[in-house]
Every structure is written in structure tokens, then in C-alpha cells.
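Novice: Assemble the whole structure, with the sequences as input and the hints as a guide.
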Amino acid sequence: MSLLWLMRRLLLIAYTMIVVSVVVFAITEALPADAATMILGQNATPAALAALRARLGLDAPVWLQYWRWVWPALHGNFGISMRTNLPVAPAMLAALSRSLMLAAAAILLMLLIAVPLGLAAALGRSGPIDLIAGLVSYLGVSLPEFVTATMLLILFADRLGWLPATGYVSPARHLVDGVRHLVLPVVTVALVMVAHVVRMLRSETIDVMASDYIRAAHLKGLPPRVVLFRHALRNALLPVITVVALDVGYVLGGIIVVEQIFAIPGIGRALIVAIQSRDLPSIQAGALMMAGTYAVVNLLSDIAYALLDKRIRYE
Amino acid sequence: MSAVLEIENYSLDYATAAGNLHVLDQVSLAIAPGEVLGLVGESGSGKSSLAAAIMRLLPTNAREQGGAIRLGGENLRSLDQPRLRAIRGRRIAMVFQDPATSLNPTLPLGRQLSEVMECHLGLARGPARTEALALLRRVEITDPEAIFHRFPHEVSGGEKQRVVIATALACHPELVLLDEPTTALDVLTGARILDLLSRLRTEFSMSGLYISHDLSLVSRFADRVAVIRRGRIVEEQPAPTIFRAPLEPYTRQLADAVPRPERRLVTDAAGENELLGLTGLSVRHGRPVLLPNRVKIAVEAVSFAIREREIFGMIGESGSGKSSLARALAGILPFRGEVRFVGRSIARPAEMDRAYRRAVQIVFQNPDSSLNPRHRVAQILARPLRLFGATPAEIPRLLEDVHLPASHARRFPHELSGGEKQRVAIARAFAARPRLLICDEITASLDVSVQSRVIELLLALRRTHGTAYLFITHDLNLLRQIAHRVAVMYRGRLVDLQYTAALGGTDVHAYTRDLITASPAPVSG
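Sequence order for the protein chains is D and H.
In this text, residue positions in the first sequence follow the numbering used here: the first is 4, and each later residue adds one.
In this text, residue positions in the second sequence follow the numbering used here: the first is 10, and each later residue adds one.
It is worth saying that the hints were derived from the structure and are not from the lab.
Among the clues, some could well be false.
[Unchecked claim] Just a few of them, taken from the derived set where beta-carbon distance is under 10 angstroms, the chain D residues facing chain H:
1) D62
2) P64
3) A220
4) K223
5) P226
6) A235
Ideal Cβ positions, reconstructed from N, Cα and C, are used throughout, including at glycine.
Specialist: What follows is the structure, encoded as C-alpha cells:
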């Protein structure tokens, strides 16, 4: 991994962000009602609309509007929310940080379940564990998260009453209560990813275990434990990194639904509220932040891949 | 003296959907201390299954039908897994065919070597490392300290195989199984590995089983040679005699199939006129994107001319640019420089029109990847026929030309043997009635006996159609049998171009001479 490669990747991320910002800007531009109509309502007089457009700068050419938005955004200023009249950036960042915590917890939980399950399924191929893993995978993939979430809510919050149904408490302020509020959303998000990773890891492990170098390791007389953990695991886990990185894309999308169901004030819920109230600055900031997160996570996964697989040298 | 390894009436079946398949039938072999026994057979003869049976790592559908495999008098068949593990790597070790796949890509080489000694000799990491470095020196690794920390992709094929050999010898095993240890390597590297093995044989007073499909190679290395065919040992003799005076017709057939430079198979001369010429042809891989990337030069300024009806041989190690050159001429890779075809100049692949692409055909090394697995042979052959104005009615004739029954037209590639698949690929090329056929290592993945039949076929087709061949191979002895001229490629450059008869002379490039030395002619009969 060379410095040149890293610079090129950062350049690529910058390029991606430019494209995303243009697309986000274009979409909000293409909405049927503009900001002035949103604020003044359907019955506003044309004169009042024109006055407000002039004040908001909506009568300027499109490229100038884009520039007036993107230049402060580069400096962390995404404008004032049309709904709350507060600066957009701090609110959206706080929401993003809650979502990221939810996503990180979900990914961690997913790995804790999926890695042992995938390995066990591959090693006990066609056995009972493989069958269970297959069943869990199919269920996880085929059930949409709003169904899983609802079922979890009915069981654990309603029938058993073990966990709170909705709401958010910051774990930093109140650890136990915070974690209790996070359990159900985290499980919901993790479940679909478990399916992806189990299936991937299972087939990778089967391939690796059938490879020449694993046969060679057996023929060296190494104990099965050493063959599995020293020789097979790393090679089987490598492709999983890519799947997890791709799944981050899913999480960012899926989180919108999950946050809505569990009433968690994350970036997804913030986006829904922003869209419902046509709060353009918030929509733009939220979409950009999500795209940026995805780009950074992919870069991190590439770096992790290179650190684990010495064959990969980014030049 | 009692035998190190003794196999007695050993039989093995594989359970398949179509019933039991007999793989080994009443095999009996013995290897004395310090002796190397050669085991020669074609693919599918059961030689690899025998190795797996000795190592006790048989596939799950294997059904042993009786017999004994004794190591130092102890029957390996009666041992449980923990006791087998104590034997594997300690008392029997194995050197594999392809070091590129038998080494773990994500583990440093030194670790893969020292772990055997940690496991069997109970050494701690430090002493195991010291031992490993000493072993690496004994397999003639020049910088053991550096190799120790490298990963397999960072070293050459020869160095990888040396590490594999060091690993096999690490615990001074009683028996070493050598499974085609030079087949996956370049000619020169393979020759050096064989030299190394010969030296280590005495140093470690090694007993071994050398498995190969190449009778000539085995009879140079082993003390005795056993020939296996369809799971049966058909003949067993001291190495010097078996090649010179085989008793069985099958062994005779194997011996005859080995290319011998002194036995020319082509007697007529090439034509006078130039068919395909190239001047300053270069091929580069990769192109600069965003920031200038490193561009790899595959072929650098190569010039030569192939005459009508000529068999133009080309030789060189892997990565020397042979295949890139072949692909550029076939119009698959972009190139720089000039190509002339029957006097017409071609500067870019785009200028290779239908007439050129029809006249210049290519057959690839691996028919498994060059034949569409979902198409029947008839479909595979019909496309070039239609493309070049003939009708599918010619399919039976095409198949007959390559000595395949017309009924094979209905088969899928996986229903054919390796040799048959390559015949289909040749038939596909001849469907276009080419004037030049590029053969890119087309016999490299075939057994020696199958290779000799494919070569016979190519020569017969040339007699009928007057086709010229650009014949790329790593087998110099084969080229000396069939080629009019031999071109030698080294690191993308053409370093030598000789009439075949002049190869034995003094006026050849140093690298060519190395190649000649590394490809000794078989012991003549």
C-alpha cells in the first residue's frame, strides 16, 4: 500500500463527493414545489413568492445557487433548517453519530454470530448446524426489517415486556437504560447481515478447506485446530471484509426504516422528517453525510484487506 | 534389509453414482532404504490415488478393498488419526506438484517451514527458526533471512519449490513422496530443482517415491521404475533398462511417446515466401489511468518472419512474452509495430480484417477454458463454419479430420477426455481453413502419449492443408523434432533464432545453450 495509492483513493472520494453533491442538489432542485412555495404555502401571492425567492437567492442561476450552497458546506456550514430555524450541521451530525453507534453495534453483533456460525456450517457440511445456519440465512434474507422489527417488538416488548419498545436514551448518560433501548434495533439490523456473512463465509471456508495448501498443511501432520485457525481462517475471512463493507451500504439504507420503527433520533429519522417537511438544507446535509460515510468505510475496508492479505499491494 | 515402504495387494475403489470405480487393483510395491522408486503413469492411471492412500488422506468416497500399506513394518491402514498425524510430516513427507498452490498465500514462508519442526520435534520458535534457516541454506536459498519473512507471491517458483522441499526434509523423514515436483516449473528451474533433489538424496540418504507421467524424466532420477496403467502395475524394472528395453507394449508406447530430438518427424522444407512477418512488435499490459501507472512490457520490439508451410517453433520460460505475442498476432491484444500478412501491412488490431482473422487461427493451452462448456461440439464447430461461409454439414468431415467419430458432435466438452477436447479446439481452428495456426502450449496439459498423438494429427493436417504453424512450447526436444526454425524468447525479447539443425552448434545464444542443457535427450534405445 503506497502513499500514492492512498492519495489517489482520497482524490477518488473527493470526486465521488462532488458528484454526489451535484446529484443531491439536482434532486432537491427538481422537487415540484420550491422552497418559497413550501414556506409560504399554496395560497401565497405571486408577489410574495417572488420577494421571498429573491431573499433566499432562488432567482439566481442554478450554478450560482449550487456554489452558494457547496462553498459554506465545505466549511461545515450546511445552512439553517427551514423547519427549526437552527443550523443544520450540528443537528445532523448528532443524528449521524447515533446512527453510527447503532450500525457499529449491529455489525459487531453480526460478526459475533455469523463468523462462528459460518465456520461451523462449513466444517459440519450437510450436518445439523449447516441446516440451522441455512435456515437462519434464508429467514434473514427473505424477511424485510420492518417485519423482523415488528415481530421482535411483539415478542420482547409486548408479550414478555423485557425491553422497552421505542425511544432512545444516550448510553453515555445512562448506560443500562441506553443499552436496553438499543437491543431490539441492533438485533433487527444485524439479522439480515448475519445471513449475508454466514453464506459467504460458509462457501469461502469450504473452498479454502479443499485447497492444495490446506491439504499440504494436513500432510505436514499439523493438528486440525492449527490447520483451521492458522491456515484456513484468515484466507476464508478475507472476502467477508468486502461483504461487510458492502453491507454498510445496506445498513445506511435499512437504518431509515429501523430508526423510524423504534423512534431513534438518528440520521435516517432525521432525513424522513426533513423530507416530510421539505427541509432542503437538512435533506442535502443528510444525504451528503451518508454518502461520505459509505465512501470512508469502503476505503477502510480496502486498507484492512491489504493489511490482512499481503498479496495485495495498492500502487 | 527390510523395506521402508511396502505395499501389498492394495486395492481401492471410488464409490460413484454409476457404481464402484476400480482405481487401484492389487498393487504391490516395495521401497528399500535409500532407494527411489519411480511410479510412471498417465493421468487417471491411479498414481495420485496411491500417493493419497499412502498419506492416508483419501477422498470420502474412497473404498479400500484390502491389502496393506506398511511403513517400517507398521500397517498405516490400522492407525487412528492422532497416530497418523504423528507420522505425516515426520516419517513421511510430500513434495507437491505446484508450489504456487501448495503454500499458504497469507503466511510467511519461514513460518510454514518452521511449524513442522515445532509440531513434530517439539522445538520452540527460536530454535525452529534457526533450524529453518539452516535448511533453507541446504536447499540453496541464497538469502535465507530474507526468504524467511517473505510471502509466497514475493518469491520465484523455484524458490517456492525449494521451501516446499526444505519443509518435506525438515524432520528427516524415512520416506519422501515426490508428486511431479518439476512439472509446474520452467524448464531451467525444473532442471535445477532436479539437480538439487539428486544432491539432497545422498545428503539425507532419502528413500522416495517419485510420481510422474514422464518416463524419460523418472528413469533419470529413480533407481527402479514401476509403470502403472488403469490401477495395475504392469511392469517394474531397474531404471536404466526400462527405458531402453521395456518388456510390455504399453511401456514401449510410453517410451516412444517421449520426444527425441534425433528423430525428425518433419522432413519437407518450408516454403520460400513470407506468410506472416513482424517488425518491431511490442505488447504492453496495463494503461495509465488518472496517474501514470506502471506499464508492464510483455513483448519488446520483436521482428521475425514465418514462411509458408513453415513450422516456426517458439520457446521461452513463463512470462517471457510468448503468449502475449501469440495473442497480439491473433488480434486479441493491442500491439505496436508492424505486422505483414502476405505482403499486406497491418499497423493496428483494428486493421486485422475478416480475411486476416480467418487466415490466422489460434489454439489455446487449456481446452477446458477455451471451449464453451454449455455448447455441444456441433455448436462449437458450427459457428466458425457459418462465419466463414461454409455450412454445418461439414462438421462430420471436420471431426473426421481430427480423428474423432462423427457421433462426438452431440457431446458436451465435459464428456470428452483432455486429448479429445484439444482435438475439438483444433477442428474449430481448421473450420476456418487457416493459413497460419498459432499453437500456444497446446500440449502442455496433456500426457506425453496424448501429446504425441496430437502432434501426429497436426502434422497430418499440415500435409493436407499446407498450413504453417507458430508452435509455442516449453519442450525443446519436441521442437527439435518438428520445427524448421526455433525462436527463443527471454524477458519479452527475441534473443535467438536458429534453424533447428543449427541448435546443436556453437553459434547459439548463451540462454539457448542453457535450455539445451536443461532438456537432455532421453537415453536412446
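Novice: Now tell me, hint by hint, if it's right for this structure.
Specialist: Each hint tested on the structure:
1. D62: violated (39 angstroms)
2. P64: Nearest chain H Cβ about 31 angstroms off; hint violated.
3. A220: Since the shortest Cβ distance to chain H is 7 angstroms, the answer is holds.
4. K223: Because about 4 angstroms separates K223 of chain D from the closest Cβ in chain H, which is inside the 10 angstroms limit, the hint holds.
5. P226: holds (7 angstroms)
6. A235: Holds: closest Cβ of chain H sits about 9 angstroms from A235 of chain D, inside 10 angstroms.
In summary, the structure is inconsistent with hints 1 and 2 from the numbered list given earlier, while agreeing with the others.
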